[in-house]
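Given these sequences and hints, build the entire structure.
Under the numbering used here, the residue at position 1 of the sequence shown is numbered 1, and the numbers go up by one with no gaps.
The set of hints was computed from the structure by calculation and includes no laboratory data. Just to be clear, a hint being listed does not mean it is correct.
Straight-line C-alpha distance at most 27 Å; calculated BS3-like pairs for lysine-lysine [to be verified]:
#1 K32 / K82
#2 K105 / K82
#3 K117 / K105
#4 K82 / K63
#5 K63 / K32
Pairwise CB distance ranges (calculated) [as the list claims (entries may be wrong)]:
#6 Q124 / D172: 33 to 41 Å
#7 V161 / A108: 51 to 59 Å
#8 V35 / E91: 18 to 26 Å
#9 A137 / E91: 13 to 21 Å
#10 F157 / K117: 52 to 60 Å
#11 A18 / R50: 46 to 54 Å
#12 V20 / R148: 22 to 30 Å
#13 E175 / I6: 54 to 62 Å
#14 E71 / F157: 51 to 59 Å
#15 P158 / H131: 43 to 51 Å
#16 A108 / Q155: 39 to 47 Å
#17 E127 / R148: 26 to 34 Å
#18 E91 / V8: 54 to 62 Å
Model, not experiment: these values are computed from the prediction. Idealized CB from N, CA, C, for every residue including glycine.
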Amino acid sequence: MNGAIIVVLLLFVLVIIALVAWVVRGYNRLVKARVRIDEAWAQIDTQLQRRHDLIPNLVNTVKGYASHERETFEEVTAARAKAISVQAPAELAEAENGLTQALGKLLAITESYPDLKADANFRQLQEELAHTENMVAGSRGHYNASVRAYDTARQVFPTSVIAGAFNFEPRDYFEVETLEARAAPDVSFE
Numbered sequence: 001m002n003g004a005i006i007v008v009l010l011l012f013v014l015v016i017i018a019l020v021a022w023v024v025r026g027y028n029r030l031v032k033a034r035v036r037i038d039e040a041w042a043q044i045d046t047q048l049q050r051r052h053d054l055i056p057n058l059v060n061t062v063k064g065y066a067s068h069e070r071e072t073f074e075e076v077t078a079a080r081a082k083a084i085s086v087q088a089p090a091e092l093a094e095a096e097n098g099l100t101q102a103l104g105k106l107l108a109i110t111e112s113y114p115d116l117k118a119d120a121n122f123r124q125l126q127e128e129l130a131h132t133e134n135m136v137a138g139s140r141g142h143y144n145a146s147v148r149a150y151d152t153a154r155q156v157f158p159t160s161v162i163a164g165a166f167n168f169e170p171r172d173y174f175e176v177e178t179l180e181a182r183a184a185p186d187v188s189f190e
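Below, the structure written as structure tokens:
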């Protein structure tokens with residue numbers, strides 16, 4: 001009789017240990033996924049900061065050739081300020097969409113100014129902007145893939161039980177909303 005009780009207690013302890021190990025493993029998996037999202041968001045933030053830093057130089061260069069395009073300069077400046085002031089992915093995506101559209105208008109102005117298009121400083125800024133836009137797109141893809149992996153882990157059974165118990169909240173994707181914003185600014189080097 002004593003041997004049977006010991007075996008039952010031992011099995012009970014093993015089941016508890018297995019259950020605790022399963023919870024710890026699932027919890028750690030969700031934490032790692034959440035950390036990957038934060039890292040990916042930091043990459044987006046870095047690239048967007050670079051983009052935001054380029055814009056004043058670009059505006060000032062264009063102003064030198066097209067000083068009467070004040071409304072466009074103000075629109076780009078306001079869109080940049082809005083993009084800098086927001087943090088949440090959905091709000092930031094909307095602000096960045098507006099900034100992309102304003103930049104498109106600014107770059108369209110350059111078509112009327114052959115001297116501006118020939119300016120070496122302007123061409124370098126255009127190249128840096130095009131490179132930065134590519135980096136933003138890549139960072140956004142990495143971020144969204146990280147969100148997808150996290151949300152999948154958060155929603156599938158049995159990890160969903162752990163996610164619910166420990167309040168792992170869903171994360172927003174960083175999405176481009178409009179067709180106009182989906183197109184990167186037209187950067188022409190001709």
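To see whether the hints hold, each was checked on the structure:
1. Taken as a hint, the K32 and K82 pair is broken in the structure, with Cα atoms around 32 Å apart against an allowance of 27 Å.
2. Between the alpha carbons of K105 and K82 the distance comes to roughly 17 Å, so the proposed pair stays at or under 27 Å and holds.
3. For the suggested pair K117 and K105, the alpha carbons sit about 15 Å apart, so the restraint of at most 27 Å is met.
4. Using a Cα cut-off of 27 Å, the hinted pair K82 and K63 holds, with the two alpha carbons roughly 21 Å apart.
5. As the CA atoms of K63 and K32 are separated by approximately 47 Å, the hinted pair breaks the 27 Å bound.
6. Checked against the hint of 33 to 41 Å, the C-beta distance between Q124 and D172 comes to roughly 35 Å, which is consistent with it.
7. Range check, V161 to A108: Cβ separation about 54 Å, and the 51 to 59 Å hint holds.
8. Look at V35 against E91: about 23 Å separates their beta carbons, and that is inside 18 to 26 Å.
9. Here the CB-CB span from A137 to E91 is close to 19 Å, well matched to the stated 13 to 21 Å.
10. Checked against the hint of 52 to 60 Å, the pair F157 and K117 passes, with Cβ atoms roughly 58 Å apart.
11. At roughly 49 Å, the beta carbons of A18 and R50 sit within the given window of 46 to 54 Å.
12. Checked against the hint of 22 to 30 Å, the pair V20 and R148 passes, with Cβ atoms roughly 29 Å apart.
13. The beta-carbon spacing between E175 and I6, approximately 59 Å, falls within the hinted interval of 54 to 62 Å.
14. Checking the proposed 51 to 59 Å range against E71 and F157 shows it holds: the Cβ atoms sit about 55 Å from each other.
15. Between P158 and H131 the Cβ separation comes to about 44 Å, which falls inside the hinted range of 43 to 51 Å.
16. A C-beta distance of roughly 44 Å is found between A108 and Q155, which places it inside the suggested range of 39 to 47 Å.
17. Here the CB-CB span from E127 to R148 is close to 32 Å, well matched to the stated 26 to 34 Å.
18. The hinted range of 54 to 62 Å is satisfied by E91 and V8, whose Cβ atoms lie roughly 57 Å apart.
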